[in-house]
Amino acid sequence: MDSLTTPKGKVIRDPVHGDIFIDYKFIQIIDTPEFQRLRRIRQLSTADKLFPSALHTRFSHSIGTYHVMKQIINHFKKILSNMNKEITEREENLALTAALLHDLGHGPFSHAFEEIFPKTKLQNHVQWTTDIIKSEHTVINKRLKDLFDEKFPEDVSGLINKSFNNKSINNGFEKIDLAAIISSLVSSQLDADRMDYLLRDAFHTGVNYGDFDLSRMISSLRINIDELKENKYFVCVLEKYKSTIEEYLLSRYQMHKEIYFHHFKIEMEQVLTKIIMRVYELYKEEKITSESALISIFGGKNIEIEDYLLLDDVSILSLLKKWKNHNDEILAILCSSFLDRKKFSRVNILNNKSEIVDEFQEKLINIMEQDGYKIGDLDKEYFWISKSIKNKKIYKDDEEIIWILRDDGLIKNFSEETDLFKTKEKQEQKEVYKKLFYINLDIVKNIANDNQESIKEIERLIKMYDLRNHIE
130 MDSLTTPKGK
140 VIRDPVHGDI
150 FIDYKFIQII
160 DTPEFQRLRR
170 IRQLSTADKL
180 FPSALHTRFS
190 HSIGTYHVMK
200 QIINHFKKIL
210 SNMNKEITER
220 EENLALTAAL
230 LHDLGHGPFS
240 HAFEEIFPKT
250 KLQNHVQWTT
260 DIIKSEHTVI
270 NKRLKDLFDE
280 KFPEDVSGLI
290 NKSFNNKSIN
300 NGFEKIDLAA
310 IISSLVSSQL
320 DADRMDYLLR
330 DAFHTGVNYG
340 DFDLSRMISS
350 LRINIDELKE
360 NKYFVCVLEK
370 YKSTIEEYLL
380 SRYQMHKEIY
390 FHHFKIEMEQ
400 VLTKIIMRVY
410 ELYKEEKITS
420 ESALISIFGG
430 KNIEIEDYLL
440 LDDVSILSLL
450 KKWKNHNDEI
460 LAILCSSFLD
470 RKKFSRVNIL
480 NNKSEIVDEF
490 QEKLINIMEQ
500 DGYKIGDLDK
510 EYFWISKSIK
520 NKKIYKDDEE
530 IIWILRDDGL
540 IKNFSEETDL
550 FKTKEKQEQK
560 EVYKKLFYIN
570 LDIVKNIAND
580 NQESIKEIER
590 LIKMYDLRNH
600 IE
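Take 130 as the starting number for the sequence shown in my numbering and just add one per residue.
Keep in mind the hints are simulated off the structure, nothing from the lab. In this text, all values refer to a predicted model and were calculated from it rather than measured experimentally. You can trust all of the hints, since none of them are fake.
Here are the in silico distance ranges between beta carbons for each label pair:
| hint | residue 1 | residue 2 | range |
| --- | --- | --- | --- |
| 1 | D260 | F150 | 27 to 33 Å |
| 2 | G147 | E265 | 34 to 40 Å |
| 3 | N481 | S444 | 35 to 41 Å |
| 4 | D436 | N578 | 37 to 43 Å |
The beta-carbon is built from N, C-alpha and C at its ideal position, and this holds for glycine as well.
Go ahead and model the full structure; you've got the sequences and the hints to work with.
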């Protein structure tokens, strides 16, 4: 990113939004070690193995989210002014800082890393974000206190994890909860985070269906009162912008279906999981050493923040490069698969029906057992990947509803007003699950002592159950 210094801050050139002006106080936040670490964490995990340009980082996304939030805040300033209410400087600083820092706690390879370990051993990135911000041992905590006030880190964390409820900012209207409104702009179905990452991810993967009209989206937002709900104020969308929301939701749906849950991206993330599983097993046998943060995880201990902050894509990739030459052949094969893009063989089991899947797995286990290799749980084997994925709903009407302000003044749930689901019954607008299966024949050869007849038998089995061979 090229930047041009100005008296009050910097202009950063961004490929998605163009020139982004950042006030100097926020430049000081960006310049902390904890935020700079986000340069070393890719936004889309392993997607670059499929889309070569998908190398953008949580760093650029966070700056983009700050920019989108600033546009939203400026939009709401005008609306609130007409309501004899203003967003104070502190409230604006809280909103912009929360947008800037909302992904601070992501681990290596973004969401993939926190799914590798049981939740009891590795908390999610939102909790890490708030822990890093609130820790008295981090530079960013001290910076926020120096720039703003002692309570600022706590309040920023509250906006990010939706626990902030400062009633003192409700001056002007007895029931207006500006903190809740701002928090919804940080995390909801219509938030600055999603508005940036959809455009950014579409740009860097080179697809068109993630695109939508950002400026019109922001223009659609209003604040309205719900007299049936204790006169509370909330964010809603004008009816005339309904098609803009439909475009946005369809973009998000397509991005999840075609990018975020692409089968090869899922495969590479699962290979990474298998690598950590193997390292854990070797660690217990004292056949491998690792970084302190991973050792803490393996030992079931709490990870210190300073150790967690040492983990990023670069640190994990350096370990994979080392382990690729490890004398444990299974670990070496897995690392080579990830680093050198040596794909597992995808198994397209007929229609994904559970009884057919069970039948295939039973036959696969029998072949392996003919070579004296006993399998207790196939999912724990290093040569096999089984992963359930679900296609996201186009719109989640059971949480954080998008409210439509109709021309007649009535407030309605978006699902009641859109034609988006008219082609199906609304109750069918649900998350769809499917399973992906992969097998690594190199690992099979290793554990089957290179028995060529067994390998050929497994290859015949895969071909026999392949859906594509049954399409007439």
